[in-house]
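Chemist: Read off the chains here:
2 protein chains.
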Amino acid sequence: MELSKRVQKMQFSPIRKFNPIAIAAQEAGKKVYHLNIGQPDIETPAAFMDAIRAYQPKVIAYGESGGLPELQDAIIKYFGKIGAELERKDIIVTTGGSEALLLAFLNMLNDGDQVMMAEPFYTNYNTFALEAGGSVAPITTSAEDGYEYAKRELLEKSLTPNTKAIACITPGNPTGNVLTLEDMKVICEFAKDHDLWVLADEVYREFVYDGRKLASFLQLPEYADRVIVVDSVSKRFSACGARIGCIVSKNEEFMSGIMKMAQGRLCSSTIDQVGAAALYTVDDSYYKAVNEEYCSRRDTIHEALMKIPGVVCKKPGGAFYMTVKLPVEDAEDFLMFLLTEFDDNGETVMFAPASGFYATPNIGKDEIRIAYILKKEDLKRAAELIGLGLEAYKAKKAK
Amino acid sequence: MELSKRVQKMQFSPIRKFNPIAIAAQEAGKKVYHLNIGQPDIETPAAFMDAIRAYQPKVIAYGESGGLPELQDAIIKYFGKIGAELERKDIIVTTGGSEALLLAFLNMLNDGDQVMMAEPFYTNYNTFALEAGGSVAPITTSAEDGYEYAKRELLEKSLTPNTKAIACITPGNPTGNVLTLEDMKVICEFAKDHDLWVLADEVYREFVYDGRKLASFLQLPEYADRVIVVDSVSKRFSACGARIGCIVSKNEEFMSGIMKMAQGRLCSSTIDQVGAAALYTVDDSYYKAVNEEYCSRRDTIHEALMKIPGVVCKKPGGAFYMTVKLPVEDAEDFLMFLLTEFDDNGETVMFAPASGFYATPNIGKDEIRIAYILKKEDLKRAAELIGLGLEAYKAKKAK
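Sequence order for the protein chains is A and B. Taking UniProt numbering, the leading residue of the first sequence gets 1, the next gets one more, and so forth. Taking UniProt numbering, the leading residue of the second sequence gets 1, the next gets one more, and so forth.
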């Protein structure tokens, strides 16, 4: 009895693997500022629990495999507002964006196939690709360029013979990089020329700053046949634990493949779908307030980080992450130092070392991912702790 | 752009594929008795929604990838009562038994590998096996034998060179067949001799009748290293829409593979887990009442079916399904007749044709699966409609 080859290739989550050490630090009395996980502290709109509390069925029954019609209709209305015309058959509700990604990869990849993706990339993409027998073919970007990748030459260079799809998270995790509609066209044109699927993970869609316009691959009907959009209520409505996402595509053959697998797993949670449908009734002021909050958090932590000598980070345009280059050789070693040897007045800080977000070996070792999901005063203090930690770490190394 | 090979091999759910025709019949004014889907009409214990209504977090946040500790502890206590000693590390909470099965197959199968399983089998096993690049190697059983399969000779005969696991649903879907602890030993001994995993789907565990003892593969510690148990609250507590299940195993390597994938998809629904933990607080009278209800339903429909000439069905010992051989050549054709041409006082009946539950081509075409999830008077009427339908169908064929 052996585990499958795909599982043997997988790593434990690099975002979660330092958790036991952080817990030990906390148990030893240290306060740890967590910049390591994308769990927002913004309150979930009350509409979610209100709808669930009002739901009084005698039996918590299976729903339709494609999703509760009331949720599908809420999603149709939502996308209508950004100019995408959808019907129920174009939407399959999934258990979070995570299940949407897994099903999409299972639907498009054979053993040995690859998905192109800008690195650093959200590490679970590699897990989902491996589950489907595939892997990620990285498009290598750089901190100095703000992790831009929508450049034809760069894309051509990164294409492999086994590439079946190009995946984009926009606004991006872990870099915060945002694609414009023009960038999306560059990517779609490249995909068309090489007969690739375009997998667009747009779960942070509303989180774009500095006057950038909300953009979606669904706003490009001329490429609709190859575009697969993954969406979720997790980040938009600060409802990560609800596990409600969806796959959206106008490609009927693609959706019929997804539906076969969706029927296999029967349905997503009935109650969470009831709550999720209600989330889409919040008015536009909600989106505006959340956007402003994240934007000012980004400004706060970016400004504080820029004061630290040797730090490289082009201010990102969206999401609530930034990838930051530190003046260290090995960010994992620095994080271990912060958690086990360092404190300032009993406080320290935690982030996700970025090397786990790279497919190319031995790059990104001096980078970290920060999720700015804390209040501004905490973000300031967290950045300060990184600065103080760097000084102490350098002093230790110099010994 | 092509869909993956695995998806091209999949079928739409044979349980759900006649739904549009049934809906058309209903829209045309016919009443349809649904025996086709395993959605119980038993009320979900109030504890589920009560716990959810009392849950008042400000943020619906991600939970642990392995499950909420309070739910893991409720599961540990539940299994303790049937003599299985578990720890949290032995349990990973999943999004229904469905996700548990998919992750288990992804964890054990490589491309071309097979899972042995008695046919007729729960058709979604084939979907999950295909998702993992594998397939089901059928152990062919017969209606006349009550679909028994725990016989060493039969198992040896069905073994293929690529078999990596033997999967058992007990009590069974779609046959209602129940394994005794002795049967389980036969299966485990066979698995040991051929170095196979034993995947035991025990989601109907409490539903055993006629004095049969509740049995679990977890009661055989001598085989613990190869036993993987899939469990769920769906059927036990009539909470199918909650999508909460789990994988249980003492094999640490196996569980670490599952955990890598569980971290990839982050967590199962937080709210449903809160409700599920509360379900495990119902007292023993709940299990007894539900068991008695299903047992008397089984007796009711079995007795009524036995009055129909030519019907073969050995009374099954558990779950809430039975597979029934009808005196027709093609049960799908008969079902189409029932839905589109037949009625008795404006009423007709629907079941799942069993051919979709077989991997071997061209067998089981005269069999159907019945789920006895209706009230007794409805079950009697449904059986009567099958009898009347058969007469009318024969008369039509004779023309």
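If you are wondering where the hints come from, they were derived from the structure by calculation, not from laboratory data. Take the hints with a grain of salt, since some may be wrong.
Copies of the same chain look alike in the list, so a pair counts if it fits in one copy or across any two.
Stated by the list, open to error - DMTMM-like mimics (lysine to aspartate or glutamate), calculated; alpha carbons at most 25 angstroms apart, straight line:
| # | residue 1 | residue 2 |
| --- | --- | --- |
| 1 | Lys325 | Asp113 |
| 2 | Lys157 | Asp299 |
| 3 | Lys30 | Asp111 |
| 4 | Lys375 | Asp195 |
| 5 | Lys9 | Glu347 |
| 6 | Lys315 | Glu27 |
| 7 | Lys9 | Asp111 |
| 8 | Lys9 | Asp113 |
| 9 | Lys5 | Asp113 |
| 10 | Lys5 | Asp111 |
| 11 | Lys397 | Glu341 |
| 12 | Lys151 | Asp41 |
| 13 | Lys288 | Glu153 |
| 14 | Lys9 | Asp283 |
| 15 | Lys185 | Glu293 |
| 16 | Lys5 | Asp284 |
| 17 | Lys157 | Glu2 |
| 18 | Lys397 | Asp210 |
| 19 | Lys325 | Asp73 |
| 20 | Lys375 | Asp193 |
| 21 | Lys376 | Glu87 |
| 22 | Lys185 | Glu2 |
Chemist: Find the hints from earlier in the document that the structure breaks and name them by number, from lowest to highest.
Modeler: 1, 2, 3, 4, 5, 6, 12, 13, 14, 15, 16, 18, 19, 20, 21
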